[in-house]
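K.L.:
Residue numbers (the working numbering), protein chains in the order written: chain A, 1 to 435; chain B, 1 to 327; chain C, 1 to 287.
The set of hints was computed from the structure by calculation and includes no laboratory data. C-beta atoms are modelled at their ideal positions from N, C-alpha and C, and glycine is treated no differently. Don't take each hint at face value.
Said to hold, decoys possible - Residues of chain B placed beyond 12 Å of chain C at every Cβ, according to the derived structure:
#1 Arg76
#2 Glu94
#3 Arg101
#4 Ala104
#5 Leu107
#6 Ile108
#7 Leu116
#8 Ala117
#9 Leu124
#10 Gly175
#11 Ile194
#12 Ser221
#13 Glu229
#14 Met247
#15 Ile293
Claimed, not checked - To be clear about the criterion: a stretch of chain B counts as covered by chain A if any three or more of its residues have a C-beta under 8 Å from a C-beta of chain A, and this derived list gives those stretches:
#16 61-68
#17 149-161
Residue strings, one per chain:
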Amino acid sequence: MNKKFVPFAAALTAAALLSVTACSSSDDSDSGSSDEPVSLTYWSWTPNMDKVVDAWNAKNPNIQIVVNKQDGGDPAVTKLLTAIQAGSGAPDIMQAEYQKVPTLVSADAIADISAEVGDLKAKFPDGVWNGVTLGSDAVYGVPQDSAPLMFFYRSDVFEKNGLEAPKTWDDYAAAAEKIHKADPKQYIGTFSATDAGLFTGLAQQAGASWWGVNGDAWSVNINEPATQKVAAYWGGLVEKGVVDNKPMYTPDWNAALNDGTQVGWVSAVWAPGVLEGSAADTKGKWKVAAMPQWDAAAPATGNWGGSATSVTTQSKHPKQAAEFVSWLNTDPEALKLLANTANVYPASTDATALLTEPPAFLSEQADYYAIAAEAAKAAKPFTYGPNVNVAYSSFNDAFAKAAEAKKASAFTEALTTMQQTTVDDLKKAGFNVAG
Amino acid sequence: MSLTTPAPTTTAAAPAKPAPAPRARSANKRSGVPYAFLAPALVLFAAFLAAPIVYAGWLSLRKVKVSGLGLGAKSRTEIWAGLDNYTRSLTDPEFLPSVTRVGAYGLIVVPTMLGLALLMALLLDADRTRESIGKFARISIFLPYAVPAVVASLLWGFLYLPRVSPITDLFEAVGLTAPNMLSSSGTMWAVANIAIWGGTGFNMIVIYTALRSVPTSLYESARIDGASEMMIAWKIKIPIVMPSLVMTFVFSLIATLQVFAEPMTLRPLANTISTTWTPLMKVYRDAFTRNDIYSAAATSVIIALATFILSFGFLKVVGRRAFNQED
Amino acid sequence: MTTVSLPTRKPGRNRSAVATTLLLLGAAYCLLPVLWVLIASSKSAGELFSTFTLAPSTHLFDNIAELSGYRDGLYWRWMANTALYAGVGAAASTLISAMAGYALAKFDFPGKGTIFNIILAGVLVPGVILAIPQYLLLAKLGMTNTYWAVLLPSFISPYGIYLARIFAAAAVPTEILEASRIDGAGDWRTFAKVVLPMMRTGLVTVFLFQFVAIWNNFMLPYIMLGDDKLYPITVGLNGLLNQGASQPAMYTSVITGALISIVPLIALFLTLQRYWQVDLAAGGVKA
Numbered sequence: 001m002n003k004k005f006v007p008f009a010a011a012l013t014a015a016a017l018l019s020v021t022a023c024s025s026s027d028d029s030d031s032g033s034s035d036e037p038v039s040l041t042y043w044s045w046t047p048n049m050d051k052v053v054d055a056w057n058a059k060n061p062n063i064q065i066v067v068n069k070q071d072g073g074d075p076a077v078t079k080l081l082t083a084i085q086a087g088s089g090a091p092d093i094m095q096a097e098y099q100k101v102p103t104l105v106s107a108d109a110i111a112d113i114s115a116e117v118g119d120l121k122a123k124f125p126d127g128v129w130n131g132v133t134l135g136s137d138a139v140y141g142v143p144q145d146s147a148p149l150m151f152f153y154r155s156d157v158f159e160k161n162g163l164e165a166p167k168t169w170d171d172y173a174a175a176a177e178k179i180h181k182a183d184p185k186q187y188i189g190t191f192s193a194t195d196a197g198l199f200t201g202l203a204q205q206a207g208a209s210w211w212g213v214n215g216d217a218w219s220v221n222i223n224e225p226a227t228q229k230v231a232a233y234w235g236g237l238v239e240k241g242v243v244d245n246k247p248m249y250t251p252d253w254n255a256a257l258n259d260g261t262q263v264g265w266v267s268a269v270w271a272p273g274v275l276e277g278s279a280a281d282t283k284g285k286w287k288v289a290a291m292p293q294w295d296a297a298a299p300a301t302g303n304w305g306g307s308a309t310s311v312t313t314q315s316k317h318p319k320q321a322a323e324f325v326s327w328l329n330t331d332p333e334a335l336k337l338l339a340n341t342a343n344v345y346p347a348s349t350d351a352t353a354l355l356t357e358p359p360a361f362l363s364e365q366a367d368y369y370a371i372a373a374e375a376a377k378a379a380k381p382f383t384y385g386p387n388v389n390v391a392y393s394s395f396n397d398a399f400a401k402a403a404e405a406k407k408a409s410a411f412t413e414a415l416t417t418m419q420q421t422t423v424d425d426l427k428k429a430g431f432n433v434a435g
Numbered sequence: 001m002s003l004t005t006p007a008p009t010t011t012a013a014a015p016a017k018p019a020p021a022p023r024a025r026s027a028n029k030r031s032g033v034p035y036a037f038l039a040p041a042l043v044l045f046a047a048f049l050a051a052p053i054v055y056a057g058w059l060s061l062r063k064v065k066v067s068g069l070g071l072g073a074k075s076r077t078e079i080w081a082g083l084d085n086y087t088r089s090l091t092d093p094e095f096l097p098s099v100t101r102v103g104a105y106g107l108i109v110v111p112t113m114l115g116l117a118l119l120m121a122l123l124l125d126a127d128r129t130r131e132s133i134g135k136f137a138r139i140s141i142f143l144p145y146a147v148p149a150v151v152a153s154l155l156w157g158f159l160y161l162p163r164v165s166p167i168t169d170l171f172e173a174v175g176l177t178a179p180n181m182l183s184s185s186g187t188m189w190a191v192a193n194i195a196i197w198g199g200t201g202f203n204m205i206v207i208y209t210a211l212r213s214v215p216t217s218l219y220e221s222a223r224i225d226g227a228s229e230m231m232i233a234w235k236i237k238i239p240i241v242m243p244s245l246v247m248t249f250v251f252s253l254i255a256t257l258q259v260f261a262e263p264m265t266l267r268p269l270a271n272t273i274s275t276t277w278t279p280l281m282k283v284y285r286d287a288f289t290r291n292d293i294y295s296a297a298a299t300s301v302i303i304a305l306a307t308f309i310l311s312f313g314f315l316k317v318v319g320r321r322a323f324n325q326e327d
Numbered sequence: 001m002t003t004v005s006l007p008t009r010k011p012g013r014n015r016s017a018v019a020t021t022l023l024l025l026g027a028a029y030c031l032l033p034v035l036w037v038l039i040a041s042s043k044s045a046g047e048l049f050s051t052f053t054l055a056p057s058t059h060l061f062d063n064i065a066e067l068s069g070y071r072d073g074l075y076w077r078w079m080a081n082t083a084l085y086a087g088v089g090a091a092a093s094t095l096i097s098a099m100a101g102y103a104l105a106k107f108d109f110p111g112k113g114t115i116f117n118i119i120l121a122g123v124l125v126p127g128v129i130l131a132i133p134q135y136l137l138l139a140k141l142g143m144t145n146t147y148w149a150v151l152l153p154s155f156i157s158p159y160g161i162y163l164a165r166i167f168a169a170a171a172v173p174t175e176i177l178e179a180s181r182i183d184g185a186g187d188w189r190t191f192a193k194v195v196l197p198m199m200r201t202g203l204v205t206v207f208l209f210q211f212v213a214i215w216n217n218f219m220l221p222y223i224m225l226g227d228d229k230l231y232p233i234t235v236g237l238n239g240l241l242n243q244g245a246s247q248p249a250m251y252t253s254v255i256t257g258a259l260i261s262i263v264p265l266i267a268l269f270l271t272l273q274r275y276w277q278v279d280l281a282a283g284g285v286k287a
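Work out the full structure: start from the sequences and follow the hints.
P.N.:
The following block contains the structure:
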């Protein structure tokens, strides 16, 4: 009786476990030769990336790229780091936001491909290129897109209030007050504690660089004068009540864009796509201008987003992967596809010539990409550290409290918390930290 | 499946043995059988529950040591941490507030949810004649159980946000200001409401099932004696469903301590939910945002132990009868 | 006649009116968000954020078409995946739970109490805590980012085993097992031909229970899967919502998707509602 039963039970468990092996045996061969056909996985969250990749696949039967669409920069990095920790499960190629590059390098997740891609430095603006080299001789990816900050505003509302696009932050504050006084429901913008990337861009514009390398030690400069100036400025506007304190990217914010209670947005070059998706009916009412300045004589800007394409350390075919990465971000055909099909703003300087038509949502703004190109050039240098996520999640918590409190002093105090949390985390992990 | 011998040998062997004690099962002689039935469950349990838990325990005692700038390929090593992760977790200034928050949350959710579930179950039971309304109500109240917590939180999020909520419109229609559910005082209720909405129906069904298994004749005599429906509910029905209430309490308690998806989904909508709002959110933040699975593992172990002590402690207090009647 | 019955029926009616009102209030509370999602999914993207919240519109089919068009009908693949995860996972889990529950309820053997208590303790462990170690272990087998990564862990359900044990204890009389044995039926045959049919009602409950649990699961597939073609509906919808700063959240698609995703479960509830009799403490009130 046992004889009859036991094999069944065993078979049931074994069947479950064994069939797995059969299913997961789709590994590529591990030979490094480029003549043999290989299939490489590419994690990207850029829309229509699969269509861009189709162009490559058609011409390179031996190096086939399979795009796995990701939900966004943060979930993708989380998954990659978990896969690195586990020792398997990572893709070959990875889209990585610039601010995540040091984290990924530090976790040994992305590989130095300087030998494979050769000298591409000349094809990218210095600041962008620095984001993938971290100031060393290594190359941890090829820049894909950049995202300089610009100022988007409802031209109808500005005209009605007799306002022009603010040239300086003082203008912006005055406009904020005027708009809100004229209609207490209207705001020129909101301070969003969920968007650390935007605040970083604003600090970058003011001249901050939160991390730095001093010899063989990291330095952390979050609670420093330039960032304090930015925090105090926004805290002041929130305290006065002329700028809203609710997060962006919520249904509430969408409604506010639609019903015209949010009439301005400090955002990046990709903003028209978001506005179109969030408030399509306001098409034709928006305009773009260069960022308001701290010093009108020395125009500067920061970035919000932007990413590179990297090869992971788990890839068995780094050479082929690097070949694709280099094509994707420098080949004229690829750049055209990136700009027009994937709707990104390519980082390569060659792409400027390709972008002549303004985005559909701002179709009347013929100089859209001229403004963007100026902005891209004016981006200030900024160094990211190996624990950006820690600083950002600290930003979320500390500035959420400050925004809720609506006190300018709470905004500058939040910087103390951020600085402390970030330094403590580095020290805890064993990084050399200066100061 | 098994096409081999029908194996009459074992049954043949049974009568040959001296007469077994009347209550003893013949299984005693074929001691491998229950283990064989248990084998798939045990193997899977070991692989997907026990091993991960042991692994988490191991990780909680480790940490990563970075050297220098931490940018080279060999700059990270995993080392022994002892109880460092535990001390850091327990002394984290965010940890205690998140624990008290969950405690307060549990005090709101568990009694409200079970109270509502009991009330609805009793009403359904008392109203056995009105089949159509009872059926409609039963299915409607059970319906939220079909909605994943992530989706439920998204839907309620829409209903909480002033600019898109119909509730705001209703309040404004009568000239009132709607309470801001996502303000610092409202957040707790906002999260609790989602849990109550999602959980009442299931618990109602559990209690209702227990009520239904009681023959109506039991109440008839009470009614003849002049007892009101209230009295019958209080004196007869509630004591009868007590074991079910105990079980729903334990499972609700466990679910409460694990509250995660609702505040996690609401967090980006408001300034009032921090990344460490509940202990499990802290686990998530440490593991996924900070990439520190070691601290996350230590906090996990603490949460698991606390859940374990609380739920088994509770069962000890109310008696193990309900849980494990046969031992 | 009427004069006699009126006094006794009148309080009954009042009571019933109160009871009915309360029940309907409860139902209204539970249906409000469902009603909202139904109305919201009929609105175009612009209307969703501009017209009165509870005013329906006419764009439901446009929204469904738009959702279906997203990445060549990926949404429907998510639905199929979810059905696969929940269907196969729940079926396997039910069989495994039935076997284990039967063994725990109907056999005496050394270690029984310990095994049961250990399995019970498994109920207490939150999925969030298990997700990472499960990932790390499955990654060692090279199984992450496959259907199996989501299926295998869902085969084991301590809660299902707990329920199956209660059902087996309550529904399977020991005498019948004895009789079956005396007839010369093997253990497996007895289980398949006698025990399973007797536990049928309870097992359908276990199945439904696990089905809903897997259908609603988020954390495990979220961690395990890198390829969105393998996503279940919860992870897929979450992705449509959180696309990162440079992409707008696809609210209309998410809302329409959420609506469609609960339809199968509602259908399941309605067709199998007589099995929704979850008796967590059957032993205590054995009728």
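K.L.:
For each hint, tell me whether it holds in the structure or not.
P.N.:
Here is how each hint holds up against the structure:
1. Arg76: It holds; Arg76 of chain B is separated from chain C by about 16 Å at its closest Cβ, greater than 12 Å.
2. Glu94: Since the minimum Cβ distance to chain C is about 17 Å, Glu94 of chain B lies beyond 12 Å and the statement holds.
3. Arg101: The claim stands: Arg101 of chain B keeps its Cβ more than 12 Å from every Cβ of chain C (closest is about 16 Å).
4. Ala104: 19 Å, holds
5. Leu107: At about 20 Å from chain C, Leu107 of chain B clears the 12 Å cut-off, so the statement holds.
6. Ile108: 16 Å, holds
7. Leu116: 7 Å, violated
8. Ala117: Answer for Ala117 of chain B: violated, closest chain C Cβ roughly 10 Å.
9. Leu124: At about 7 Å from chain C, Leu124 of chain B fails to clear the 12 Å cut-off, so the statement is violated.
10. Gly175: 17 Å, holds
11. Ile194: 9 Å, violated
12. Ser221: 16 Å, holds
13. Glu229: The assertion about Glu229 of chain B is violated, with a minimum of 6 Å to chain C.
14. Met247: Violated, since 4 Å does not exceed 12 Å.
15. Ile293: Violated: least Cβ distance 6 Å, not greater than 12 Å.
16. 61-68: Our answer is that it holds, as 5 residues pass the Cβ test (under 8 Å) against chain A, meeting three.
17. 149-161: holds (count 3)
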